[in-house]
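Asks: The chain contents come next:
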Amino acid sequence: MANTEKMVILKQIREIESAVTKSLAEPDLTQRQRNALDDLSVVLRDIDKLILLNELNECIDDLKSKSKKLNNINGRIKRQIEKLEDISAKVEQVSKAIDAIVKAFGILKGAGVI
Amino acid sequence: MIFTKHKCTTKFPLVFILFLILSVIGCAVLTESQVKEVGKFAKASESYSGLPGTLAKSYGELVRNSNLLIVTRKEFGQISKNGRIDTSAANDAWDSIRDAYKDETEFEEAGKRMDAALLILEKYSDLLTSLVSGDSTEALSGSAKAFGKSLDEATDTYNERYRVDEPLKMIGGTIAMAVRSTGGLYIRAKQASILKETLKDADPLIAGLMDEVKLIALKKIKPSLQNYEDNYLQNDFKSLANNKKNLDVSAVLFVYDNLYKTRQTIILADKVAKAAETYKKAHAELVENTRTKMTLKEAISQVQALAAEVGAANKVKDEVNK
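So the sequences go chain by chain: A and B.
Residues 107 to 220 in the numbering used here are what the first sequence spells out, letter by letter.
Residues 2 to 323 in the numbering used here are what the second sequence spells out, letter by letter.
Quick caveat, the hints were computed from the structure, so don't treat them as lab data.
A couple of the hints might just be wrong.
[Stated by the list, open to error] If the Cβ cut is set under 8 Å, some of the chain B residues that face chain A in the computed set are:
| id | residue |
| --- | --- |
| 1 | 107 |
| 2 | 213 |
| 3 | 236 |
| 4 | 239 |
| 5 | 241 |
| 6 | 253 |
[Claimed, not checked] Far from chain A, some chain B residues (derived; all Cβ distances over 10 Å):
| id | residue |
| --- | --- |
| 7 | 37 |
| 8 | 79 |
| 9 | 85 |
| 10 | 128 |
| 11 | 202 |
| 12 | 240 |
| 13 | 257 |
| 14 | 261 |
| 15 | 264 |
| 16 | 275 |
| 17 | 295 |
| 18 | 308 |
| 19 | 320 |
Predicted model, so just to flag it, every value in this text is computed and none were measured.
Glycine included, every Cβ here is placed at the ideal spot set by N, Cα and C.
Given the sequences, and given the hints that come with them, work out the whole structure.
Replies: Structural data, given as structure tokens:
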């Protein structure tokens, strides 16, 4: 059943539910009539709930498919961030290596070796 | 000898070339105000993903309560003319209690699935935060400074011993700055390019997700809550009152609490939908404002609004969950 058809049925069910509410407010109903309306109200709620849950689950499936696509983008960014972290670590290593060379140069100069 | 007069004179073109390189890379990085806005968007949006699921969960709890209220309006243990006890009311009541559990768990499950689908937004905010964070460049800056310092120390030693009359310029700081700037700027430029691409690619998906959330909040849950108040809670209360003649204050309070929760959840539905619209607009504005390097004269209004709306919605969520 298409989503719009379900929406139409749900709207109709709610119109009947409102009609039951209106009828229950009538002062001249017998207890038997009240009970029958109460029972009808419970049956209508069950149908209402079934349609609503079905609709919600369809919407959630749509949400899931869209979030899956966003998840692919997230995965791509994550990999790119990891690459950047790698580059950062390498720059750090290189700068430390140069640092060591410069220190050694200072020591050797200080000792009069070069 | 490394630091000869000739080598020192080549420092000017070297610094000039470095300056040129840095200027070119520098054009590709985001300005501080742009980074700030991305950070603000990520922070404002991180607590949004749990809001829509609360709507379904709350509706399930209300339906559960309605099923339980139905039980209280029944008359039990009626004795027929032949002296037998009518057990049908008790059987129906037991079915209602079981239905209460089924309804609550089904809507709760729907809420959880919604939360799970929207959890991606939290991860997305985290990644945006990582992309604008200066962690890597700050680490580089620290090591570059240390490198600069040791180079200065080495130059000092050399000067003390050999060039007392003509000390070499302290070039360590300059080199440290160059290392720091080149490494840092390269990473920042790369971060900016990934960020721009990500925001652009994610924008239609964010818009689609937010439209779906709005549909759930305004077209599915909100009308159901209004129907609940008008046709379920009202009927259940009136039937109970008509059947029992006198009502215990706990029954009245139970009905009142449900009315309160219904109204709060309706408010939450409106806030969730409004924040979804703002989320969509804020993200679109972020795409627009990070397209080129520019100094944002003022904060992006939709990002500010998003922070306020998500905060307000979370307060209502707390009320609903009370």
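Asks: The structure should be examined with respect to each hint, and the outcome stated for every one.
Replies: Hint check results:
Among the interface hints, the one on residue 107(B) holds; its C-beta lies about 6 Å from the nearest C-beta in chain A, closer than the 8 Å criterion. A least Cβ separation of about 5 Å between residue 213(B) and chain A falls short of the 8 Å threshold, and the interface hint therefore holds. Taking 8 Å as the C-beta cut-off, the interface hint given for residue 236(B) holds, the closest approach to chain A being about 6 Å. The beta carbon of residue 239(B) comes within 7 Å of a beta carbon in chain A, closer than 8 Å, and the hint placing it at the interface holds.
Nearest Cβ of chain A to the Cβ of residue 241(B): about 10 Å, over the 8 Å cut. The hint is violated. Checking residue 253(B) against chain A: minimum C-beta separation of about 19 Å lies over 8 Å; hint violated. For residue 37(B), the condition that its CB be more than 10 Å from all CB atoms of chain A holds, with the nearest at approximately 19 Å. Separation of residue 79(B) from chain A is adequate, the least Cβ-Cβ distance of about 12 Å exceeding the 10 Å criterion.
Non-interface status of residue 85(B) relative to chain A is upheld: no Cβ of that chain comes within 10 Å, the nearest being about 20 Å off. Distance to chain A contradicts residue 128(B) as a non-interface residue, since its nearest Cβ pair spans about 5 Å, not more than 10 Å. Non-interface call for residue 202(B) relative to chain A: violated, since the shortest CB-CB distance, roughly 5 Å, does not exceed 10 Å. Not every C-beta of chain A lies more than 10 Å from that of residue 240(B), the closest at about 5 Å, which undercuts listing it as non-interface.
Every CB of chain A is more than 10 Å from the CB of residue 257(B) (nearest about 19 Å), matching its label as outside the interface. With a closest Cβ-Cβ approach of about 20 Å to chain A, residue 261(B) is found to remain outside the 10 Å limit, as its non-interface label requires. Under the 10 Å C-beta cut-off, the non-interface status given to residue 264(B) relative to chain A holds; the minimum distance is some 18 Å. The claim that residue 275(B) is not at the interface with chain A holds, since no C-beta of that chain comes within 10 Å of its own (minimum 18 Å).
At the 10 Å boundary, the C-beta of residue 295(B) stays outside the reach of chain A, the nearest C-beta of that chain being 23 Å off. Non-interface call for residue 308(B) relative to chain A: holds, since the shortest CB-CB distance, roughly 21 Å, exceeds 10 Å. A cut-off of 10 Å between C-beta atoms confirms that residue 320(B) is not in contact with chain A; the least separation is 22 Å.
The structure does not agree with the numbered hints 5, 6, 10, 11 and 12 stated previously, though it agrees with the rest.
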